[in-house]
Structures are given as C-alpha cells and as structure tokens.
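J.: Residues per chain, in single letters:
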Amino acid sequence: MHIPDGFISPQIYIPAIAISASLLALAYKKIELDVEKIPLIAGVSAISFVMMLIAIPFPGGTTMHLGGVAIISLLFGPWIAFSSISLVLLIQALLFGEGGITSYPINIIAMAYIGSFSSYWFYRLFVTRSKNIAIFMAGWSSIFFPSIIIAVVLGVQPLVASVDGTPLYFPFGLSVTLPSVVVPHIFIAIIEGLVTLSSVKFLKTQFRSVFSE
Amino acid sequence: MSDRVWFFVYLLVVMTLGFVHNEWIMLLGIIITIALGGKARFKIFKKALLVIALFNLSISLSYIVYGFFVSVDIFALVLINLRAFAITLLTFTLVRRINLHKALDFSKVLAILYGFTYAQIILLKNMLHSYYEGLKSRGATLKTSITKKQLQPLLTTLFGTMLHKSSEQSMGLRSRGLIDD
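First to last, the protein sequences are chains B and H. Heads up: the first sequence begins at 1 in the working numbering, then just goes up one per residue. Heads up: the second sequence begins at 1 in the working numbering, then just goes up one per residue.
No lab work stands behind these hints: they were computed from the structure. Incorrect hints may have been included.
[Stated by the list, open to error] Straight-line C-alpha distance at most 25 Å; calculated SDA-like pairs for lysine to any residue:
1) H:K165 <-> B:R208
2) B:K29 <-> H:K47
3) H:K108 <-> B:L24
4) H:K47 <-> B:H2
5) B:K29 <-> H:G115
Bound conformation, chain B alone (with noise of 0.2 Å):
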C-alpha cells in the first residue's frame, strides 16, 4: 500500500507535510512520552516491521504481509499505533526505499492515522454487539480505508498536476485508481481481520497480566 516517491505532486505533499506533522506533534503530547513509553513504542514499532516481515501466500502467486496496526491500537491505543507506525513506515522509507520520502506524509496519514483510529473506532462501535466481530472489523478497517486513501490520492494527481492534459506525476485517475487499490484491499482486509482476531485474542490470553482490560 506504500506509495512510493515520485508519484506525488508538491500540491499534495506540502500540505500533507503540514498535517501530518501537526498529527505526530498532538500524539505525542497525547501519549506524554517518560521513560517507560519511550521504549514500549520503540518496541511495538519493531513489532510492526517485524510482522510486514511475515509474508502470508494469496491467491494468484501473491503475499500479502500482515501491518499489525489494528493489533497495536487494540492493545496499546489509537495513538501509541499511530506513533509506532510512523516511525516504522520512516525507517522504511529510509533504510529500505519501501514508500517515498516525499509520500511519507501521505503514508502516515493513511496507514498510521486512518489505520489506527478506524479499527480503533470500528472495534468501540461493534464491541456492544460481539467482541470478536469488533476486533475483526477493526482489522478489517485498518486496512480498507487507508486504501481508499491512497487510491483518491494517487488519483487525483491528474487532476491536480497536469499540463495540457499530460500529467506531470501518477498518470491514472480515480477511475483507474479507486478500483484497482480498493477491491483488492476488500479482501487483503479480510485476511487482517482475521489475523487481528487471532492474533489479539492469542496475546491477550497469553500476556493476561499486561493487556488485563
């Protein structure tokens, strides 16, 4: 789901710049980082990069590669996810050319932001009804609507960035763009919903004395 650099227009990255570090400094005054969050985020970060490690094989000759973001914003909330991923998706756009420099403030505010905060809400409307189905739809949402995101971004670069109708970044509009992202994400979705239900309730059994609710 990672945009890559290049793609993106200065009309769309600045002012994602701008938000995105307006996000990264309301986080981190909302987690009030001491000694014991320092570590736990820089912890639950390499969790993170660690399990997009963990390739699972989909139809096709494809992987997809489990995000974990609806797991960290269960276990340890929306914004502690938020800064983790964050930090994960720099590193790797650094160190491993994975998503772009100059889409990095896109990448966080789709996949951190929109990731953590809709399973995180997702989870607290469905939870009243039945907790496994709120877990699994949190999983679900972290990864559906950072692709709508991502697809309206990508999209919308003809629009914004053109000359003379040749354009200048991604060269695909929104018919293009909206479903060749979107409905495959339905069903990686899916996938993480279940991983997110196994997974959570897996840790939280296991570690009982740390995510006791």
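Start from chain B and add chain H according to the hints.
T.: Frame of chain B, contents of chain H only:
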C-alpha cells in the same frame, strides 16, 4: 558539514526535485548523486533500481498499454520514472554517507526512538530469521504456508521479547537520567 545539515540539505533537494519537470535536469541530478555515492555507488545504484522496478514497471507498462487506446506523452512517463529513481537514489546515498541517528538528533526524543527502534528491529529480525531457519530444518516453511499453530508461538516470542526489552530499556533510561521522568 554535520550529518544534521546534510539531512536538511537532502530534504530540501528532494522537495525541489518535486517541482522539476525537465528530464535533462533530472538526469543531471542522478549523475551528481552517483558521483556522491563514493565506492559504494554501484551497489546503491543497483539497490535503487531494484526498489523502484517493481512498482514503476507495472505503472509504466499499464501506461504504455493505455497509450494504444488514448494518445499519451511518453516523455511524461520518462520524467515520472526519472524523478522516482533520482529521489530513491538520493535517499540511499544519504543513508550510506551519514549517521542517521546523529542527523535526527535535532529532536532528542526522535533520535532516542529511532535508536531504540532500529536496535529492536535488528534483534527481532534476527529472531524471525532463526525461526525461519528452525522451521526449514524441520522440513516446514512460512513461505509456503502459515498456520495458526506457527503464528501463535512466533507472536508470543516477539511480544514477550519486546515487552522484556522495553522494561529493561526503561530501567536503563531512568538510571542514567537520560529522559526527565
């Protein structure tokens, strides 16, 4: 120049490249970046090429196919690919030439978070690698299938190690008075 200054110069250049719409300037930028790469320039070049190939190739091929139905400017495609390559190459060259931990030192918290996270990533990555190797030696592999039975002990180990390391590092930070409590 200090690592921090280099990092800000890099961010400025990357932002500026976003406004450049000339293939020749972009090409010149790539040549200068290769020159800055030192002895590792070909290694960095190869890594950048591999990283952008997967995503850009699919977009480029789709755009070429799209060109059979609608009139498209192929130079636009060249520009998009050159820009993506130039920025990726610049990022890898920077990371190779500077100490990222020192560059991020303008924010004490960010530098500490980066340092801890990177250290934990290496630790957990090695642990995951050992787990893969262990599975392989027993004739199973995560690459072909991952089952609940395989995922659960892995998650226990990863989370257990992370929680243990976090509390150990908290104690270390507190005892050294590095962060105000």
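J.: If a hint holds in the structure, say so; if it does not, say that too.
T.: Against the structure, the hints come out as follows:
1. The hinted pair formed by H:K165 and B:R208 meets the criterion: a straight-line CA distance of about 18 Å does not exceed 25 Å.
2. Between B:K29 and H:K47 the alpha-carbon distance is near 37 Å, which puts this suggested pair outside the 25 Å criterion.
3. This hinted pair checks out: H:K108 and B:L24 have alpha carbons roughly 15 Å apart, not beyond 25 Å.
4. For a cut-off of 25 Å, the pair hint linking H:K47 to B:H2 stands: about 18 Å separates their Cα positions.
5. Taking the CA atoms of B:K29 and H:G115, the gap is about 20 Å. The hint holds against a cut of 25 Å.
When held up to the earlier numbered hints, the structure conflicts with hint 2 and nothing else.
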